[in-house]
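*Asks:* Okay, here's what each chain looks like letter by letter:
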Amino acid sequence: MKKGTRYAGVPRLTGKREMRNLLEVRPRARLTVSILLAVGLAGGAPPLLADENHNGSDSDWLLFPSFQVFRRSAAQDAAPQDDYEHGTVDVLFSHSAGPFRALAETEIAASEVEIERFQVGWELGENTLAWAGRFQQPSSAWNTEHHHGQYLQTAIARPNIELWEGEGGLMPQHVAGVLVDSHGSLGSDGGLTFAVGGGAAPILRLGQLEPVYVLRGNNGGHRASWSGRIAYQPELLGDDSFGLLLAQHDVNVVDPAVAAAFGANDVTLDVAGAFAKLVRDDWRVQAAFYHVGARFASGPRPRSESFGDGYLQVERPLSARWTPYARLEVSANAAHSSYVAFQSHEFETRRTLAGLRWDVWRNQALTVEVGHAATLVTRFSDVRLQWSCVLP
Amino acid sequence: MVLIVSADSPVTHLDAIDVRKLFLGLSVIRNDLSLRALDNRSDEKLRQAFLQNVVAMPEAAYEKRVLAIMLQQGAHRPQPFATTPALLAAVAADPAAVSVAWSTDVAQDRRLRVLRVLWRE
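Line by line, the protein sequences are chains B and Z.
For the first sequence, counting from 1, position 160 maps to 160 in this note's numbering; every step adds exactly one.
For the second sequence, counting from 1, position 15 maps to 15 in this note's numbering; every step adds exactly one.
The following block holds chain B by itself, in its conformation from the complex (with noise of 0.2 Å):
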């Protein structure tokens, strides 16, 4: 255990892994992963052709298959069990009607299929879009970007701040709620993006985050969430942008182990963060930093705490094909919070990593990253290597 660490104590509570042994595992969904990781490995597929039949459909939809494998030199009782999916496909459907918009992303996996958003949307203008259902709170500078689509980052790993509630992410990243997304120029050149959600944040349940199910029951408690992003573009519709982040969200914390832990069963997460993304004579950084302090005030000691987590990621690529990459993921403080402690033995408070994704094949990727982390319990290295590729 880490010298200093306050609330390291915290019993190691029920992570991902366990919660899939309470999952029926879908014969139906091995299936599906397996003909549609088939398909991808076809490969190739260029992307289809309209021909004089065609009807003008409203209708798109993508596939993000991925497959990987990794190795990690931690022991298994100590190691992180925000392991991934060995086999994942992600999948995007979108339709539109005038003003009218819907949106569906659903993951398949072996153990689960779920929806990760499901949006319906109405264009208030060229340039605004206002959503209601269950979408990704647009804090996040990273998965804004990329949501689950795995090809479209250069990188395997997510940076440790930005994993998915149910990886043992101890942000809320899936909002139930309404959701505006704007856009506009700024200036002569530049533009500016805004957007602002509101809805029912995640539960702390069973060790975890746990935010509204599309598919599956929801044991309701859930409290109010509001989050959003604003950022500056020096050139409209270029690469390069810098915002700033905030986000409040009210967790009820239903986990009787984590209440105890907490001195209270209600933690009120306050963000406040920035990102940048650069892009220069052929390399490309990005970069962001979050504040979060956590209230826990419905005990009988009302207190707070904060910490700080940030990232640096930095690719080159030599070639059209071959892209190496690194990245660098501190903290600040997490040892003495005790909300990083209820994910002690999956957040990781510092890593490094270095990889090199090879575009083997239109629309496929090969990459291989190689990493060194500490969580608050453990330090370990691990390798990664996964193919990923986007249909049609």
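Treat the hints with caution; some may be incorrect.
In the SDA-like style, the derived pairs of lysine to any residue whose C-alpha atoms are separated by at most 20 Å in a straight line are [claimed, not checked]:
#  : chain 1 : residue 1 : chain 2 : residue 2
1  : B       : Lys277    : B       : Tyr232
2  : Z       : Lys45     : Z       : Arg120
3  : Z       : Lys45     : Z       : Ala86
4  : B       : Lys277    : B       : Leu186
5  : Z       : Lys64     : B       : Leu236
6  : Z       : Lys64     : B       : Glu315
7  : Z       : Lys45     : Z       : Ala56
8  : B       : Lys277    : B       : Val214
9  : Z       : Lys64     : B       : Leu186
10 : B       : Lys277    : B       : Ser182
11 : B       : Lys277    : Z       : Ala61
12 : Z       : Lys64     : B       : Asp359
13 : B       : Lys277    : Z       : Pro58
14 : Z       : Lys64     : B       : Pro392
15 : Z       : Lys45     : Z       : Glu59
16 : B       : Lys277    : B       : Trp387
17 : Z       : Lys64     : B       : Trp358
18 : Z       : Lys64     : B       : Trp387
19 : Z       : Lys64     : B       : Tyr325
Keep in mind that the hints were calculated from the coordinates and are not lab data.
Just so you know, these numbers come straight off a predicted model, no measurement behind them.
With chain B fixed as given, assemble chain Z onto it according to the hints.
*Replies:* Showing chain Z alone in chain B's frame:
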């Protein structure tokens, strides 16, 4: 290379930034009509001219950008067409359609209207 619409289209002008937005899959509305980009893949030289002069990025970057915008906003990719006759027929039939073509391919086609010249050889 010219920007074309149907002869029945109410669109009379599109700025360069609107054209770029349209071909990235972002929404462009004119006269209450949500415009739709059709992707002319009939000719490699035309494709290179389009990438350089309309979206200003290489092929791989353009494809990833369109996919990312679709993933982020549920937008639609420009529908690709492999042959010029199929593309021109689709543009002619849809007042909301916008595409690019060689001026020589559309010069005598009364079903179509040229909005602007995008590039000259």
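*Asks:* Does each hint hold? Answer for all of them.
*Replies:* Checked hints:
1. For the suggested pair B:Lys277 and B:Tyr232, the alpha carbons sit about 10 Å apart, so the restraint of at most 20 Å is met.
2. Of the supplied pair hints, the one linking Z:Lys45 and Z:Arg120 holds, its CA atoms being roughly 12 Å apart against a limit of 20 Å.
3. For the suggested pair Z:Lys45 and Z:Ala86, the alpha carbons sit about 18 Å apart, so the restraint of at most 20 Å is met.
4. Between B:Lys277 and B:Leu186 the alpha-carbon distance is near 18 Å, which keeps this suggested pair within the 20 Å criterion.
5. Simply put, Z:Lys64 and B:Leu236 have alpha-carbon atoms about 17 Å apart, close enough for the 20 Å limit, and the pair holds.
6. A distance of roughly 16 Å separates the Cα atoms of Z:Lys64 and B:Glu315; the hinted pair therefore holds under the 20 Å criterion.
7. Proposed proximity of Z:Lys45 and Z:Ala56 is supported: the alpha carbons are some 15 Å apart, at most 20 Å.
8. A distance of roughly 33 Å separates the Cα atoms of B:Lys277 and B:Val214; the hinted pair therefore is violated under the 20 Å criterion.
9. A hinted pair counts as satisfied when its Cα atoms are at most 20 Å apart, and Z:Lys64 with B:Leu186 does not qualify at roughly 25 Å.
10. With a CA separation close to 19 Å, the supplied pair B:Lys277 and B:Ser182 stays within the 20 Å bound.
11. Proximity of B:Lys277 to Z:Ala61 is assessed by CA-CA distance (about 15 Å); at most 20 Å being required, the pair is judged to hold.
12. For the proposed pair Z:Lys64 and B:Asp359, the alpha carbon gap of about 12 Å is at most 20 Å, so the pair holds.
13. About 19 Å separates the Cα atoms of B:Lys277 and Z:Pro58, which keeps this hinted pair within 20 Å; it holds.
14. A threshold of 20 Å between alpha carbons decides the hint, and for Z:Lys64 with B:Pro392 the separation of about 13 Å falls inside it, so the pair holds.
15. Using a Cα cut-off of 20 Å, the hinted pair Z:Lys45 and Z:Glu59 holds, with the two alpha carbons roughly 13 Å apart.
16. Taking the CA atoms of B:Lys277 and B:Trp387, the gap is near 25 Å; set against the 20 Å cutoff, the hint is violated.
17. The straight-line distance between the Cα atoms of Z:Lys64 and B:Trp358 is roughly 15 Å, inside the 20 Å bound, and the hint therefore holds.
18. Distance check on the hinted pair: Z:Lys64 and B:Trp387 sit about 17 Å apart at the alpha-carbon level, within 20 Å; holds.
19. Of the supplied pair hints, the one linking Z:Lys64 and B:Tyr325 holds, its CA atoms being roughly 18 Å apart against a limit of 20 Å.
Checked against the numbered hints given earlier, the structure breaks hints 8, 9, 16 and satisfies all the rest.
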